[in-house]
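A.B. asks: Take the two lone chains, each set in its own frame, and fit them into one complex as the hints suggest.
Quick mapping for you: the protein sequence lines, in order, are chains A and B.
Following my numbering, the numbering of the first sequence begins with 1 at its first residue and continues without gaps.
Following my numbering, the numbering of the second sequence begins with 349 at its first residue and continues without gaps.
Check each hint, because a few of them may be wrong.
Stated by the list, open to error - Where chain B lies over chain A, by a calculated footprint (3+ residues, C-beta under 8 Å):
#1 13-20
#2 99-109
#3 254-264
#4 312-319
Derived from the structure by calculation, the hints contain no laboratory data.
From the three backbone atoms N, C-alpha and C, an ideal C-beta is built for every residue, glycine too.
Letter by letter, the chains look like this.
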Amino acid sequence: MRSGDFKETYGELVALTDSRPVWLWSAALLAALIVAPYLLNSYALSFLIIILITGVGALGLNILTGYTGLISLGHVGFLVTGAYAYAVVVSKYGMPPIVGFLAAGIVPALASLVVGAPSLRLKGLYLAITTLAFSFIINTVILEARTLTNGARGISVQRPEILGVSFDSDAAFTHLCLGFAIVTLLATLNIRRSRVGRAFVAIRDNDTAARVMGINLHAYKLFAFVTSAFITGIAGALYGIYLSFVSVEGFPFLLSIEALAILIVGGLGSALGAVLGTILIVLLPEATRLLFSVFSAQMDAIFSTGAQELKSMLYGLVIILFLRFQPRGLVGAWHDIRRLWANWPLRY
Amino acid sequence: MQYLIQLLISGLAIGAIYGLIAMGFAVIYKSTGLVNFAQGEMTMITAYVAWTISTTISGNVFVVAFGAILAAIVLGLVIERVVMRPMLGEPVFATVMVTIGLAVILRSSINFIWDAYPHGLDLGVGRDIVRIGGIGVRTGQIAVITALLLLLAAVWGFFRYSKFGIAMRAVAADDRTALLMGISATRVHAIAWAASSVIAGIAGVFFAISYDLSPAMFQLGLKAFPATILGGLDAVLGSGVGGLLIGITENLAGGYLGSGMKEVAGFAMIIVVLMVRPFGIFGERDIERV
Numbered sequence: 001m002r003s004g005d006f007k008e009t010y011g012e013l014v015a016l017t018d019s020r021p022v023w024l025w026s027a028a029l030l031a032a033l034i035v036a037p038y039l040l041n042s043y044a045l046s047f048l049i050i051i052l053i054t055g056v057g058a059l060g061l062n063i064l065t066g067y068t069g070l071i072s073l074g075h076v077g078f079l080v081t082g083a084y085a086y087a088v089v090v091s092k093y094g095m096p097p098i099v100g101f102l103a104a105g106i107v108p109a110l111a112s113l114v115v116g117a118p119s120l121r122l123k124g125l126y127l128a129i130t131t132l133a134f135s136f137i138i139n140t141v142i143l144e145a146r147t148l149t150n151g152a153r154g155i156s157v158q159r160p161e162i163l164g165v166s167f168d169s170d171a172a173f174t175h176l177c178l179g180f181a182i183v184t185l186l187a188t189l190n191i192r193r194s195r196v197g198r199a200f201v202a203i204r205d206n207d208t209a210a211r212v213m214g215i216n217l218h219a220y221k222l223f224a225f226v227t228s229a230f231i232t233g234i235a236g237a238l239y240g241i242y243l244s245f246v247s248v249e250g251f252p253f254l255l256s257i258e259a260l261a262i263l264i265v266g267g268l269g270s271a272l273g274a275v276l277g278t279i280l281i282v283l284l285p286e287a288t289r290l291l292f293s294v295f296s297a298q299m300d301a302i303f304s305t306g307a308q309e310l311k312s313m314l315y316g317l318v319i320i321l322f323l324r325f326q327p328r329g330l331v332g333a334w335h336d337i338r339r340l341w342a343n344w345p346l347r348y
Numbered sequence: 349m350q351y352l353i354q355l356l357i358s359g360l361a362i363g364a365i366y367g368l369i370a371m372g373f374a375v376i377y378k379s380t381g382l383v384n385f386a387q388g389e390m391t392m393i394t395a396y397v398a399w400t401i402s403t404t405i406s407g408n409v410f411v412v413a414f415g416a417i418l419a420a421i422v423l424g425l426v427i428e429r430v431v432m433r434p435m436l437g438e439p440v441f442a443t444v445m446v447t448i449g450l451a452v453i454l455r456s457s458i459n460f461i462w463d464a465y466p467h468g469l470d471l472g473v474g475r476d477i478v479r480i481g482g483i484g485v486r487t488g489q490i491a492v493i494t495a496l497l498l499l500l501a502a503v504w505g506f507f508r509y510s511k512f513g514i515a516m517r518a519v520a521a522d523d524r525t526a527l528l529m530g531i532s533a534t535r536v537h538a539i540a541w542a543a544s545s546v547i548a549g550i551a552g553v554f555f556a557i558s559y560d561l562s563p564a565m566f567q568l569g570l571k572a573f574p575a576t577i578l579g580g581l582d583a584v585l586g587s588g589v590g591g592l593l594i595g596i597t598e599n600l601a602g603g604y605l606g607s608g609m610k611e612v613a614g615f616a617m618i619i620v621v622l623m624v625r626p627f628g629i630f631g632e633r634d635i636e637r638v
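So that you can see chain B by itself, here it is in the shape it has in the complex (with noise of 0.2 Å):
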């Protein structure tokens, strides 16, 4: 009973990283129609520039965050601007290979700028042990559960009650006519590639504090594929909870079947749930006309 519950935990917290990112995922898609496919590798940057930060600045929480976030604003901006919005108006699969393409440039970029070794991030925070009713938590994991349970509550009410938010759902259902009722697309894609990429960030950057960072940390952003795909694409807050989901099914996998279970177990999950539900737990089905 207790190893059970030290694997929930330790699911829960695995899984809001994984939630986090894969949330990115869908605010991305939700306002731009695409799959980024660069969210792993933008998380890993943005938890490198942390990392960075706090080994030349400060070590200061408030400032790491803050300078993580920045940098994660700037990243997605850069990104959006540079390399996503020539794109704009081309077919769905050449933009989605845009950005496999854009993936493979910042991993290696990763490798070519900082190194191939692991490193902690130490903040002096997140590492403390608290007992809850004789169980053992982390405060880190703590701290990013409650991260995406509030981020969740703030892009559900982001989406349903801001203009912004309205704005953007307009233009992802259809672009020309959002522009032809006076909406910026492009501010819209902006935006949401910057908050993506925030978001993405922030699990970054708690994955670099509870676990460590290192150049494989790009494969979070595969891992949280089955997170948004299991909530539906399109589906913001079902991608939070789908992420909790895979991350508990992993770890019950891994603590009864096998390590070689766990790497997989998400992937066999999805595969099980598409077969059902072919547009995610949380997904609108797409009705097109011919």
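For reference, chain A alone in the conformation it holds in the complex (with noise of 0.2 Å):
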């Protein structure tokens, strides 16, 4: 019998995984998302789509306030001005989506720089309504920027065409949106286990012991912001392309909110945390409704009247549940699961 688990090597301690039925199930996962598309109805497709944003989203909120242990409140200020660069730079000014998705990136990291700037003498509490009170001040920017935002009538935007793949229909945006979430995947995962990210853990477990060890606050405390906001950013670029439509209605404060419950919910501070997390949460309110069809149709009746109002009653349940009997998330319950899969019967 396996008596633990023993690291020999650096490179064992930091590899992305050491257990070869991992990477067969992940590559099962991939092909199984990658054919998803030509399979499954719109309806099906869009949770989907949703899920494939949400997450790239919730991974880049993920550096910030999971790894470096920054709360922001505003994340949605970095959704938004992703998708207007987006907007602006491909639909008015008819540039390459490619552009389009670089200027989504960077227009965002450009603002938490100014965000961020605070973050050094600003801590918990006090950097949190820092971040809201800038999600505020970028949508009233947005809205009196007129004539490169249209203010409050907003831009269309087209499905992009690029390198000559036309991603128009369903199945190809699904596509472009798995690339993207891969790629981010596999971008946090390796920003995890090298230097950076473990001076952003150490930033995150006492800053002022992280200070002593010779960890630059000021640079890895901005460059968390910097790399979070970019990867926020695209996430909005997605978004914004996938509604179609960029206003700031569209980007409502709820939406910071909800990136910090999926983070919760996963478990904080995990990259695996945050795509259990985004499934949960996106998928919670479908589930909860098949689940009153079930029971009797007066209670669907209900839920089609008060669906947005049961649906953020039911956010907020979770939230709560989670903190209070789960605290380390969905990955904290996977790990006891699978440790009591290994030694059953015993405990350890």
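C.D. replies: What follows is the structure, given as structure tokens:
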């Protein structure tokens, strides 16, 4: 019987995974995701697209809040900046979509420097509220800069055509989102196991101690902000394309809360957690609707009249219940199950 | 000049409402070390209860005031007991996120229980116009500023002189040591939540009397954030003053720069202030040990 899992070199410690089955299952999942758009109907496909886009955003926030421990209540600000950057560059100035995606990353990254700059002086809740302030200010800036953004009228966005490949159909667009999601996932996983990622985690655990150990707080906090905003901006651009219309109303403040809820439900500070949390939170309203409609048509009627309210009440409830009963999130539950499976009937 | 004074007075009136809500934030922060993101929603619920009382039971000012205060106390106690107490001893981040979840639930329950349309809370008072030196001021505006000043004095005295107020400060400073000294932390938390709910509720009712009642009222909570931050999260008096400052800034920005600026003037102001003083104008600097 295996008595434990021992790592003997540094290389093994930072390897993405040491188990062959994990690679095999990941490959199987990837293959399934590539084939899925051709098999699913358009209703189910819309959920897959939303999961992929939200996943990119959640991974972006995970770098800042999960790894570095800087709580951001204003991530919707980066999302909307990214969406507008893409829309302005591509729809208004007719540049190629690749440039649009680059702009969707770079413009929020620059904006994040402005928010990130005070982050060395501000801690915890003060910082959270500064980011909240930023997201409101950015909305006003967008509404006021009418020549660039059309103000409250918004900008309509077409599905892109990149290097001669058209992403107009739902299936093709899913593949585009899938591509971005995989690149983002690999990027965050690799950031986490690099020197930079270890510095982030050290800052999260205790920033004064991290500073004493020679970590340049200001540089790394800013770097966390920039990376996080870059990724979130890309997610914003994808979301804008999916909605085919970019406006300030399309990105309500609730999205910031939703993103934090995803991280908490999944498990803070883990890329796998961000992915699991995304799936749960996106599918939650639909799952409850199905559950209710099984019970009675009457419940279904209540759901259709008060759907929006019940949906947000569920968010709230799920956040509270997870924090109360499973503070390590879905990832924590998964680890428990795995340990139970490996060690049964012993406890450890 | 006339225009400026008019802007200043309406700024003071709305600022007093922000100040009251901000005091609610600060009372909870001072005794539990938490920021309650559901403050705006609690404000809104109390105002809706007051409106329900005024339309169904009696429109008498005293009946409505009594009912609203009672409802606010019950709301605060229930939230503390059901939602917050199980989180005692958990990390601050987790507990603050719980209040965010709570805010989402309360906000949607408003739309669910009542409706999404605006209502006027008409108690037959507060809308008369008094002329002071040629400037028209509504009695409701005078009343809310007076209420803020009275409550500021009362809360200041409470934290400074009363035994329970000192116990609250002790719990905020270090809850374990406070427990060892024989202070019941749970009771302190319960009272803090009830008090904060009442203070916020008063703000909500005043807002509903002077303006109107709508599910968008929770934004008052967001507007009061800058006030609390400006004053310093742990400074109850500072929050009240911060509210007045934010109210005036907002109104001046709205009057002279345009309505878009009015929405964000407060937020822009705190970013500037926090650059200079990261713990607010009146807040105390945290000294921590590694």
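A.B. asks: Look at each hint and say if it fits the structure.
C.D. replies: Here's how the hints hold up against the structure:
no.: 1; hint: 13-20; in the structure: violated (count 0)
no.: 2; hint: 99-109; in the structure: violated (count 0)
no.: 3; hint: 254-264; in the structure: holds (count 5)
no.: 4; hint: 312-319; in the structure: holds (count 7)
Of the hints listed earlier, those the structure fails to meet are numbers 1 and 2, in rising order.
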